[in-house]
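Student: Chains as they are written, first to last, in this note's numbering: chain E, 1 to 649; chain Z, 650 to 781; chain W, 782 to 1005.
Derived by calculation from the structure, the hints in this document are not laboratory data.
Mixed in with the good hints, there may be bad ones.
Unchecked claim - Between beta-carbon pairs, the in silico distance windows are:
| hint | chain 1 | residue 1 | chain 2 | residue 2 | range |
| --- | --- | --- | --- | --- | --- |
| 1 | Z | Ala-721 | E | Pro-505 | 50 to 58 Å |
| 2 | E | Ile-137 | W | Gln-933 | 26 to 34 Å |
| 3 | E | Phe-452 | Z | Ala-740 | 56 to 64 Å |
Stated by the list, open to error - Here are the computed lysine to any residue pairs in the SDA-like style, where the Cα-Cα straight-line distance is at most 25 Å:
| hint | chain 1 | residue 1 | chain 2 | residue 2 |
| --- | --- | --- | --- | --- |
| 4 | W | Lys-969 | E | Ser-628 |
| 5 | W | Lys-816 | W | Gly-900 |
| 6 | W | Lys-816 | E | Pro-631 |
| 7 | W | Lys-816 | E | Thr-571 |
| 8 | W | Lys-969 | E | His-586 |
| 9 | W | Lys-816 | E | Pro-635 |
| 10 | W | Lys-969 | E | Trp-589 |
| 11 | W | Lys-816 | E | Glu-634 |
| 12 | W | Lys-816 | E | His-632 |
| 13 | W | Lys-816 | E | Gln-573 |
| 14 | E | Lys-158 | W | Gln-933 |
| 15 | W | Lys-969 | E | Trp-626 |
| 16 | W | Lys-816 | W | Arg-894 |
| 17 | W | Lys-969 | E | His-627 |
| 18 | W | Lys-969 | E | Leu-624 |
| 19 | W | Lys-969 | E | Glu-634 |
| 20 | W | Lys-969 | E | Thr-622 |
| 21 | W | Lys-969 | E | Leu-619 |
We treat Cβ as the ideally placed atom computed from N, Cα and C, and that holds for glycine.
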Amino acid sequence: MNTVAAPAARRNLDRLGEVWQERRGLLGWLTTTDHKRIGLMYFFTTLAFFAAGGTEALLIRTQLIGPEQHLLTPAAYDEIFTMHGITMIFLFVIPMTTGAFGNYLLPLMIGARDMAFPRMNAVSFWIFLGSGIFVYIALATGQAPNAGWFDYVPLASKQYDPGLNIDFYGYGLIFNGISSTAAAINIIVTIFKLRAPGMSLSRMPLFCFAFLAAAFSLVFALPSLTLAALFLELDRQLGFHFYDVAFGGDPLLWQNLFWIFGHPEVYIIILPAFGIATSIIPTFVHREMVLFPLVALAELLVAFLGFGVWVHHMFATGLATLVTVYFAAASLIIVIPSAIQIFAWITTILVGTPDFKTPLLWIIGFIVFFVIGGLSGITVAAIPFDQQVNASYYIVAHFHFVIFGGAVFPILGGMYYWFPKVTGRMYHERIGQLSFWLSFVGTMVTFFPMHFVGIDGMPRRVFTYTASAGWTALNLLESIGSYVLAAGLLLVIVNLLVSLRTGRPAGRDPWHGATLEWETTSPPPAYNYAVIPTVSSAYPMWDAGDRERDEARLVRGEGLLARGHETPATTVQDGTLDEVLAMPAHSVWPPLVGLLLFVCFVMLLLAHFVIAAAVGGALAATVLAWHSSEPHSEPAPALGESPVKDGAA
Amino acid sequence: MSATGERIRRLNTLAWFGVLAGPVGWALQFLFGMQLGLARCESPNRRFQFPVHTTSAVFGGAGFVLGLLGLAAAFSVFRTTRPDPHTQDAAAITEGRLHFLAAVGMTVNPLTAAICLMVAVGVPLLDLCVQS
Amino acid sequence: MSPGPAATPGSAGAAPRGEMPPRTGIADTGLRAAKLATERRAVPNGVWGMALFLCAETMLFAGLIASYFYLDFRAPRWPPAGAPLPEVRGPAILTAVLVATTVPIVFASRRARAGSRDGTIAMLAIATLVQAGYVAYQLHALVGELHTTPPQSSAYASSLIALLALHHAHVLLGVLLNLGMIFWLFAKGLTGYRLTGVRAIALYWYVVNTIAVAVLLTTISPSL
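Go ahead and model the full structure; you've got the sequences and the hints to work with.
Tutor: This is how it looks when you write it as structure tokens:
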């Protein structure tokens, strides 16, 4: 596109650039509401937590490298595996997918200029950061949560865990949940209302369907966790009796409430990864996704059915079979939508012309691991088999295949895929491929043997084992695998960091991608799109006519929406243009809300309820002040000025 | 409203019924059936003597039937609409979206109906309140 | 905004009313807000956001109520020996009073859509007065309940008090939302954004008042 040569186009771009100017320096980042900056903040923060969770994993594997090792005491080991689980799930995978990928890419993919609620977007980040720091203060002060990431009572009750460890867990998860709920609401409204005109539901990228499903699951699942944690803290701090049998409570109430959240949670983890995979595959096989409507449905159905399977985590608790059978039936059928997706991906690769670049390699690795993890998942959907392998390393193998192989691999593939768009530079392909192979082999060697030691009787969460158990060789292999995996992951980071400085310029669309983010510059300008794109299909970048029309409109100044921070809103079903919204720019309120909420939770943790209430009052005042200003658009141009030239029509 | 508008409204209702009937049927069957089973089997003193074999067959059967109705609705919309063409014409976009929803409905209803059938047949065959 | 020369009237990209879609960012008076409300066809973003937040809150109460009944099913006797049976008449009347505040809330929403700042403030103020009275009375009653049925005495008391406390907290939050909205309407007037805010707050009350009925039925269930 030769916009520079067209002075009218240049003028229009400059005008947009002025309107959307980002504040510079630290203050600019602190007060930003731009989805791309927020996405980047999420990205780097979650990577830091990934490193922490990974270090915890390496400590676990080093402890288990041989029988009766003493690297960690039993108490320390309990804290390390609990923090590993909490960190990876709540502080890495969810915020990385919804916060980093979702925030950065969703508005770009739908042709919008920001998320639906930019200030709430910022506050989601600050709350997430606060919750992560909150939980890690626990580790730093030697009081980390230590009853496992699902924290069963009565072990987690005050009687058996009297310190602050579990209170950090309970309040930390409620705190973190506020961030994720806000982010999820933002994602849903953005996808529903901010799509470019013409982008009906059937023309929405599959990435959006996946994120929509994950976001709906977050909204409906998190309250259950909040409730479980609230009951736990009421029991622990105020002497309530939800979970203790002596006063009519029930420990299984915790398990039910937790897993009503916990099972949808694992679909929340995997669905964005499906979205990333369904973005990468069509691009690198140069073909539209086979069975598009069924893949879209499968993403939503997996999330929906995921609310009806939670008791499969409780098959060994002695419930009546005629209750558990409801869950076994749903657990078996839920395999089918996942299988639909797998068959669609594989078929698309087979009938397309695959170009085995690094991003596609990560996705193929993901498919391999997800199939293996899915197969072990089917086996544990059968109640009798699950009762044999529950709480053994077989389960550890299963969930690492589906979570690590199934979610982290697409994340890494996505990092490589969108690196050119975000940075404007290409990564080094050969090193990329090496990083993939190291990680693939490392993952396989770490987690596959766990199936065998699990069936052989090794329980999960044990801090050591005896030589006579016969698990030594496989544990050694697993630990070596984990070091290889760590090397692969480090190589990913090194590759991207080096490429940031020495990679060749990427241009707008190095991959000939199908979705709209490849239309704009790399990196995108603050306003994303100079003109709001025309959309006629689910693969807008492959509709050359529409893209040429967009270029012509830029020259004419049509669809510029430059009278403020403006973006169009459309109807939910058919993407019909409905109104032009004015969006907020910089705001000081989100970081302030994050800070106050952090103080509030610290007070609750320390049982200073009156102070917590006072801080709550300050929060209410801050939220009131938040609404003191509203974004505006400039009024219509004066008579005599052409509305088309001004871009104000 | 014009005849075309009426047609679109009718098809829209059918399409969404086709998408939601099966899942709603499964959800209701799941909630009520599972809760009654829990009340019957997990409460001491035989407080809740619900006839769970009968109720699970009834709820499961109802969910199954709702799934079949949803399938029929989705199929009728699928046959009378065309896939999404590459156009900016509003009517064509709507029709393409309806065709897409119909495809979704035709896939989701057999799956949810299958769960309802499995439970409707399975639960009555099980002994009452035996721990697994 | 125009979709380009190829578009025809009635096509997806063209504004369906007149030439241009309404601009929220210039709806900075009551009159312009009312015009925006008539031109806009879809549900505004802020109302969607509130609806989704209310989905989460509904799930919270569904969990609370399900936990209450779960513990009920598991207990040999509910309430346990020593705990008084819940009162029916008083709570039912109070709930009816709360549900009745839906009426001024509906009117507040209508007045806002008509562009009337003063009408909106008046209706919100009436609703807030009654709702604030309700929550003050209920908090006072809750303190009394803490003595007759202390949550530390049993799982029944724990789940009853938690259910009541959380419900009252939601009514209190609603009162704060009303007060905040009244404040900004008074200080800065009705705008397109505040119109969406009033609609969102109205939705909040419809759901909270419905949940109030569910909470009532749950807490009085042993006496029914």
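Student: Need the status of pair Lys-816 of chain W, Gln-573 of chain E: alpha-carbon distance at most 25 Å?
Tutor: 24 Å, holds
Student: Mind checking the hinted window 56 to 64 Å against the Cβ distance between Phe-452 of chain E and Ala-740 of chain Z?
Tutor: Given about 60 Å between the Cβ atoms, the range holds.
Student: For a C-alpha distance cap of 25 Å, please report whether Lys-816 of chain W and Glu-634 of chain E respect it.
Tutor: OK: Lys-816 of chain W and Glu-634 of chain E at ~17 Å, within 25 Å.
Student: Sort out whether Glu-634 of chain E lies within 25 Å of Lys-969 of chain W, counting only the CA atoms.
Tutor: 18 Å, holds
Student: Take the C-alpha atoms of Lys-969 of chain W and Leu-619 of chain E, compute the straight-line distance between them, and say whether it is at most 25 Å.
Tutor: 21 Å, holds
Student: Honestly, do Ala-721 of chain Z and Pro-505 of chain E meet the 50 to 58 Å range at C-beta?
Tutor: 56 Å, holds
Student: Lys-969 of chain W and Thr-622 of chain E: Cα distance at most 25 Å?
Tutor: 17 Å, holds
Student: Please work out if Lys-969 of chain W and Trp-626 of chain E have their alpha carbons no farther apart than 25 Å.
Tutor: With Cα atoms ~14 Å apart, Lys-969 of chain W and Trp-626 of chain E stay inside 25 Å; holds.
Student: Hint check: Lys-969 of chain W vs His-586 of chain E, CA-CA at most 25 Å. Holds or violated?
Tutor: 21 Å, holds
Student: Is the Cα-Cα distance between Lys-969 of chain W and Leu-624 of chain E 25 Å or less?
Tutor: 13 Å, holds
Student: Would you check the hint for Lys-816 of chain W and Gly-900 of chain W, treating anything up to 25 Å between C-alpha atoms as holding?
Tutor: This hinted pair holds, its Cα atoms lying about 17 Å apart.
Student: Cβ-Cβ distance between Ile-137 of chain E and Gln-933 of chain W: within 26 to 34 Å?
Tutor: 29 Å, holds
Consistency note: the structure conflicts with none of the earlier hints.
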